[in-house]
Structures are given as structure tokens and as C-alpha cells.
Amino acid sequence: MASSRLERIGTILTRVEGLLTRGAMKPDDRPLWFDVYRAFPPFTEPKMAKPKPEIKPIRQILYQEDIIRAKFHSKGLGLGTTNILNPNSETHMKRLISQYQKLKSDGVPEEELIEKSAEIVDGERQRQENIKEPKYKNTVSPESVTTQVLAEADLKNIFSEK
Amino acid sequence: MSLVMSFTVKNLLPATICSIRSNFPSSIHKYSTGPSKTSSNVLDHLTDWETLSKNRKTSKAMKAYLERAKEHDEFMKRQHLEFNIGKRHLANMMGEDPETFTQKDVDRAIEYLFPSGIYDPAARPLMKPPEEVFPARKAAEFDEAGRPHHFLFYTGKPSFFKVLYDAAEHIQALNKFEDKVIRKKATPDPNGSLKLEGSVWLTKEQLEQSLVESIKEIEYENFKVVMERLVSSPYAYLCKDFIEKYRKPLAMQRFALEIPKPSYDEEGRAFITTYECLRKKARGEVTIRYPGSGKISINGKDITYFEDIQPREQVMFPLIFSGMQNSVDVECHIEGGGPSGQAGAIRWGIAWSLRSFVEKDMLEKMQVAGLLTRDHRRRERKKPGQPGARKKPTWKKR
Amino acid sequence: MRVPAIYFYYLYFLACLQLRLGLSYLRHYSTAPKPLQENSTEDVKLPVNPLEHPDYFQVHNLFTVKDLFDARVHYGHKEGSLNDYMRPYLYGSRLGHLIFDLDITAEHLRKALNFAAHIAYRGGIICFFNRNAMNSHKVERTAKECGEYAHTRFWRGGIFTNANYQFGAVTRLPDLCIFLNTQNNILNQHTAVRDSAKMLIPTIGIVDSNCNPNLITYPVPGNDDTPVAIELYCKLFKEAILRGKAERMKLLQEVN
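Protein sequences appear in the order of chains A, B and C. All residue numbers for the first sequence refer to full-length UniProt numbering, where the first residue is 1 and numbers rise by one. All residue numbers for the second sequence refer to full-length UniProt numbering, where the first residue is 1 and numbers rise by one. All residue numbers for the third sequence refer to full-length UniProt numbering, where the first residue is 1 and numbers rise by one.
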């Protein structure tokens with residue numbers, strides 16, 4: 001197939017068009033994508049040499065809560081683990097902020113807000129973990145290796161020499 | 001204004017050229033000006049893709065392939081014809097029946113008619129059916145529309161990368177399985193295990209041969225890394241079939257030769273005779289008798305047959321190495337060569353005969369020490385124009 | 001010498017005439033008034049030219065902006081590595097990390113999906129590219145599942161530009177290259193991007209904030225590293241291609 005390999009000049013469409021109009025490529029031999037491209041051209045021409053877009057300062061994305069976030073982080077309280085496999089899971093910081101706002105609306109004084117909300121969130125988390133733990137214990141199947149070993153072991157005298 | 005200008009220039013130029021070279025075929029000029037007139041029309045009046053696709057069936061790639069296939073078939077046909085005629089000629093020359101002349105007869109006839117002293121058999125004259133002589137042609141890797149069959153075709157090494165792809169697929173499946181087992185708190189199957197001690201991964205050459213693709217060193221390393229990762233899974237036995245395709249059993253060909261049982265002489269002593277003990281130009285045979293007292297006789301003399309210390313040490317070495325110097329008698333006849341060659345031949349003969357009288361451990365040690373290996377080296381011939389095999393006359397530039 | 005030239009002209013004229021007539025007939029046949037077709041002829045479907053339908057394969061319903069957000073498509077790299085040509089696609093910067101404008105991404109992605117579906121409909125060869133080891137198996141599997149091709153390995157120079165020699169035969173090159181990651185490593189662009197442009201092959205590429213979108217025919221600004229995002233792209237392209245192929249099967253059955 002006749003073609004021009006100068007990818008720096010024009011676009012693939014203009015190069016094929018040039019070949020077609022000059023007769024170097026037969027209209028019936030045109031590439032398969034040619035009609036599709038003409039029907040649905042891209043938003044911008046895929047030209048190698050394009051003028052750089054106007055350089056505007058990038059918009060900074062900031063929120064009202066960032067002030068509260070900064071307060072938590074300055075005390076080293078903002079970090080916690082998050083389950084990213086669960087799309088509905090809340091981050092530690094999100095809980096802290098909602099707790100903070102709740103306490104603030106309740107009229108708790110400004111100085112105690114941070115500590116109090118951190119305490120409450122930590123307490124909640126520990127409670128949740130306590131609820132979860134016994135669940136796991138019950139699900140251990142009686143046939144598993146661990147249970148068998150545990151049943152046979154004499155735990156009290158495990159360190160005593162025979 | 002500029003538009004008009006360019007138009008006139010365009011139209012004028014061909015005319016002037018035409019007038020200058022009037023004997024030139026005019027169609028070419030017409031052709032060169034033609035498209036510029038209809039330039040906008042070409043793009044506006046393209047045939048519909050649907051209509052085109054009805055007419056077009058085979059791709060260029062397939063057409064080229066079919067052409068080459070046809071060429072190749074014709075070529076092979078011609079070669080076949082020539083081979084058959086040649087075979088008949090050969091049969092007539094040998095005075096045999098051309099109808100019942102087999103390939104074996106052909107080989108024999110060629111060897112008789114064209115005796116060759118060339119060392120490499122591949123370089124000797126031969127006459128084989130064309131299928132064996134000309135390399136087989138690759139089958140088409142794409143269909144009629146030119147679409148390749150293999151989904152990794154464009155990587156250039158589809159079979160090799162397919163192996164890596166499959167391995168990755170297996171690793172993911174095993175990981176999923178492991179997760180499931182852990183979640184269910186089930187016990188792992190105690191019977192399932194993978195025994196890999198007796199085998200190794202295919203070497204690069206073997207892998208290349210089995211895939212019919214050449215691979216690079218780094219790609220082979222990647223292959224090994226991926227396979228090791230697959231094997232490291234505790235449930236690797238689930239894809240045993242896949243793994244074993246790329247493993248080869250370790251060669252257990254040590255001592256493949258049967259160790260001979262000793263025979264007994266009239267005194268009731270066990271003895272073994274090894275014939276054809278050779279090194280350099282020396283040829284001889286060695287007999288070992290057990291039990292004995294460490295007596296050595298070489299061509300009727302004792303160890304002093306050799307005047308130097310080096311050959312004596314050579315002869316004693318296998319006996320001392322195996323600790324049998326006082327419990328066997330050695331008797332040998334040796335001729336040809338010099339002292340070192342004779343000593344080497346006797347050394348090998350003694351070691352070879354001792355196999356029947358030592359433990360298996362010792363046998364392996366002897367193997368490792370190189371006692372059971374033959375030394376096939378021979379004297380290298382002298383080259384013309386120089387004093388020795390390798391030695392060159394002294395040469396000074398100025 | 002003159003006679004053949006005239007003869008040639010005559011033939012050319014005839015061919016033109018036929019071409020034009022045939023074409024006008026076809027055009028007339030295919031461009032039936034659209035509203036009439038969509039409203040009144042539900043049961044008796046007139047054959048539409050897929051190119052005249054704005055979204056023949058219904059790719060717009062494949063995803064929502066929320067899906068993109070959930071798949072973390074909006075995350076770019078840090079500000080320092082920004083390529084200036086990516087500026088129009090940005091929404092802003094969150095504490096130094098660039099965030100893509102997902103509305104723009106969605107538009108670009110729909111266009112790219114539509115193009116891919118059309119190429120699949122026309123029986124084109126589609127090749128997937130990705131040089132990120134973490135995602136390459138996923139990409140290869142996608143290619144396998146939709147009956148297309150993948151190249152996620154080291155790119156030997158000249159696979160496109162010197163194909164007939166490298167493959168040892170006349171080889172049909174892909175008709176569309178989909179790059180799920182246009183970089184070879186963090187510094188260099190994938191050579192196939194340039195080679196596709198050289199060989200007149202259109203490309204679709206997921207371009208992150210540190211990539212250069214200029215040579216990509218249909219750039220889709222978005223995160224090209226996160227497995228979740230790659231999984232989403234793979235799913236979308238697979239579905240679009242399968243839709244295109246299903247339509248193709250229908251067409252082939254009608255013809256035969």
C-alpha cells in the first residue's frame with residue numbers, strides 16, 4: 001500500500017486524503033478506518049506539531065473541611081487504615097470530621113473538639129472490632145488442622161519438661 | 001487572487017511541458033493533471049464500504065501466501081520428478097531393479113560411487129527425497145481476511161508468550177483457590193503434592209525446540225521466574241500437567257554400562273580382564289585378580305618397567321585411590337606408544353577393572369576423579385611451513 | 001500512441017459515470033429520513049448506514065461518570081510531571097495531585113468506544129497495548145476474550161514499520177491500536193504510538209497527566225496505572241468490540 005511515513009506532518013487523515021486526491025492510492029484501497037474517521041472525527045486533530053495550549057494556573061481544589069483536617073493532622077490523629085476494596089467504606093478522617101461537626105453543633109467548646117471527637121471515633125472502632133472478633137471464633141470448622149492440634153495439645157504444661 | 005494565479009499556473013505548466021516534449025506519451029500528462037481537477041470529487045464519491053466488502057474476499061497477505069504456496073508446491077513437484085529419475089539412473093548403474101530400489105539402496109550406492117573421506121557425515125554426498133532436503137514451509141498464520149490466528153501474533157513469539165500467559169492464568173487461579181480454602185477454613189489436601197526433585201526445567205534450547213521459536217536469554221530467565229513462582233504455590237499440584245510439560249527428568253545414565261561379574265580361575269581367585277586399554281598410541285589389556293597381595297607385572301616385569309616416577313605414579317594411582325593396592329594383583333600386557341601413553345592406558349584399564357571389586361560409593365568417587373573417563377586425545381599432525389603442530393618459526397618484523 | 005490514451009479516457013469516463021450513479025443510488029437508499037425511521041418503523045427496520053447514526057452501537061449506555069469516578073479514573077500524577085498538552089483535560093489540583101475532569105473524559109471515551117465498535121464492525125484488526133506489568137495479563141485476557149490481539153511485551157523495533165521482513169511474509173497490520181498505557185516507562189513514549197502514526201493506523205490511548213496525547217488519534221484522559229481503572233477500560237472496550245462484532249455477524253448473515 002502506498003503511504004507516507006512522515007508522522008510529524010499533518011494527521012493520518014490528511015495524509016491518506018492527500019494520497020487519494022493525488023491518485024497514489026486507489027479509492028477502493030483506502031484504509032478501513034477512513035470512513036469511520038471522517039464520520040466521527042476526534043475532538044482535536046492528532047497532530048504531532050501542535051501549539052501548546054494556553055498555560056493557565058491550575059485550579060486548586062479545596063474544601064471547607066480542610067481546616068478541620070489540618071487541625072487533626074497537626075495533632076497526628078488523621079491517619080487510619082481504609083478498606084479500599086469496599087467502595088462504601090468511610091475513611092478515618094471522614095468519621096473524625098463528621099464527629100467534629102456533630103460535636104460542634106452540640107455546643108462543645110472549640111479547644112476540646114479535636115480530642116473528644118478522636119476519642120469517640122477510636123472508641124467506636126474498638127467496639128466494632130470487639131463485635132467482629134467472636135464471629136471469627138465461631139466459624140472455625142471442627143475439622144481444621146488448628147483445632148485438631150489445639151485439642152491434642154496440653155496447653156498448661158506446654159513448657160514443662162517431660 | 002492567489003487562487004486564480006495558482007490555477008492558471010497549474011493549467012499552463014503541463015501545456016508547456018507538452019509542447020517541449022511532444023513525442024512523450026500524452027496520457028502521462030493527462031494523468032498528472034487529472035486528479036487535480038477531480039480532487040474534491042474523489043473524496044466525495046467513495047464507494048460504500050458495505051458494497052466494497054461484498055466484492056473483496058481475500059486479503060493481500062493471503063494472496064501473497066497462496067502465491068508462495070503454489071510456487072513452493074510446483075518446486076517440490078519438480079524436485080520429486082528429478083529425484084525419481086535420479087534414483088532410476090542409480091539403480092541401472094548398480095545393475096539392480098529400479099522398481100524395488102529403496103532409499104537404503106540409494107545411500108549404499110552413493111557411498112560406493114562417491115567415496116568420501118570427509119570427516120563430517122553431513123558434508124558427504126547424499127541423495128535424499130526432497131522433503132528431507134528442503135526445509136518445510138511454515139503453514140499460514142492467518143485466515144483469508146488476513147487476520148492472524150494467534151492472539152499474540154504481533155509479539156513475534158506467540159507460542160512463547162502464550163506459555164507465560166498460561167502460567168499467569170494458572171497462578172491467578174491458584175491464588176483464588178487458596179483464598180477460597182482459607183475463607184472456608186478447610187484443610188489442605190494432604191495427598192496433593194508436586195515432586196520436582198527428579199526433574200529440571202527445560203533448557204533454553206529444548207524450550208526453543210518445543211515451541212519452534214527462538215527466544216532470548218532474558219526471555220528464558222523470565223520463563224524460569226514465572227514457572228518458579230507458579231511452583232511455589234502450595235496448590236501447584238493442581239496444575240501438574242502444565243508444569244510437567246516444561247520439565248525434563250534428570251538423566252540417570254551414570255554407570256549405564258553393566259559392571260561385569262568377575263570370573264574365577266583354577267586357584268579360585270576372581271579375575272577381570274579389560275581389553276583395549278588405550279591412550280595415545282599404546283594398546284594393551286589389564287587383568288586384575290582378587291584377592292591378591294599387590295603384585296604388579298607389566299609385560300613380565302614389575303613396576304620398574306617404567307623408569308620414571310611419573311608413569312609409575314600413574315599406574316599406582318587408581319589402586320591407591322580405591323585403597324586396593326595390597327589386596328589385588330595386576331597383570332598387564334602393553335605395546336606401542338611411549339611410557340606415558342602406556343602408563344595412562346594401564347591406569348584406565350586398572351580403574352575400569354576395579355569397578356567389579358569396589359563399593360558403589362567408591363565407584364562414584366572414581367567417576368568424579370576422572371578415573372573412569374577415557375582420554376581420547378591423539379597426537380596432532382605437523383603442519384607444513386612450520387616446525388610443529390602449532391609451533392611457528394621465529395618471526396621478527398625487522 | 002494516442003489511441004490507447006483516448007480509449008483509456010473513455011473507460012475512465014464510463015467508470016466515473018457508473019460509480020456516480022451507483023453511489024447516488026446507494027445514498028438515496030441509505031439516507032432514509034431519520035425521524036421517520038426511528039418513530040414509525042419499529043418492526044420493519046430499514047437498513048441504516050451505521051456511519052450516519054450518531055451512536056449506532058449504543059456505546060453511550062456502557063458507563064456513567066460515576067463508574068469512572070468509582071474506578072479512580074480521575075486521578076492523575078503529581079503536578080511536576082504534567083505534560084502541557086494535558087492541561088485542557090484537567091479539572092484541578094488537589095494538594096499537588098492532578099484531577100481529571102471526568103465530563104471531558106467521558107466524552108472522549110464514548111468517542112473512542114464508538115470508533116472501536118465501528119472498526120470491529122468492519123472486521124478490522126484491533127491490537128491492545130500495555131507496558132505495565134501489573135495489568136498486562138488482564139489486557140491480554142481481554143484481547144483473547146474479544147477475539148482480538150494484544151502486545152504487552154517488549155517492543156522490538158520495526159514490528160509495524162518492517163513487518164513483512166520480521167514476520168517473513170506479507171502481513172496485515174492492525175487497523176486500530178488501543179493503548180491502555182502510552183508510556184514505555186515513566187520517561188519514554190511507547191514506540192508503537194509513533195509507528196502506528198507512521199503506518200497510518202489510528203490509535204486510541206488512555207493518556208495520563210504525564211503523557212503526550214498529540215500522536216494519539218483518540219486520546220482519553222484518565223488514570224492509566226490503577227488496576228481498577230484498567231479493568232474498567234478493558235471491560236468497556238471489550239463490550240464495544242463485541243457489539244460491533246455482533247452487528248457484523250448480522251450483516252454477514254444477511255449477505256449470505
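There could be a bad hint or two in this list.
Stated by the list, open to error - Quick list of the computed label-pair ranges, beta carbon to beta carbon:
#, chain 1, residue 1, chain 2, residue 2, range
1, B, T187, C, R87, 41 to 47 angstroms
2, B, E50, A, T81, 28 to 34 angstroms
3, C, Q166, B, E228, 27 to 33 angstroms
As the list claims (entries may be wrong) - So, partial list: chain A residues that the calculated Cβ filter (under 10 angstroms) puts toward chain B:
#, residue
4, P27
5, D28
6, R30
7, R38
8, F40
9, Q101
10, L103
11, D106
12, G107
13, V108
14, L113
15, E115
Just so you know, these hints were derived from the structure itself, not from any lab. Given the structure is predicted, the values throughout are model-derived calculations rather than measurements. Heads up, the beta-carbon is just placed ideally off N, CA and C, and yes, glycines get one too.
For each hint, the structure was consulted:
no.	hint	verdict
1	B/T187 / C/R87: 41 to 47 angstroms	violated, 58 angstroms
2	B/E50 / A/T81: 28 to 34 angstroms	violated, 57 angstroms
3	C/Q166 / B/E228: 27 to 33 angstroms	holds, 31 angstroms
4	P27	holds, 5 angstroms
5	D28	holds, 6 angstroms
6	R30	holds, 7 angstroms
7	R38	holds, 8 angstroms
8	F40	violated, 14 angstroms
9	Q101	violated, 38 angstroms
10	L103	violated, 39 angstroms
11	D106	violated, 42 angstroms
12	G107	violated, 47 angstroms
13	V108	violated, 43 angstroms
14	L113	violated, 41 angstroms
15	E115	violated, 39 angstroms
Comparing the model with each earlier hint shows violations of hints 1, 2, 8, 9, 10, 11, 12, 13, 14, 15; every other hint is respected.
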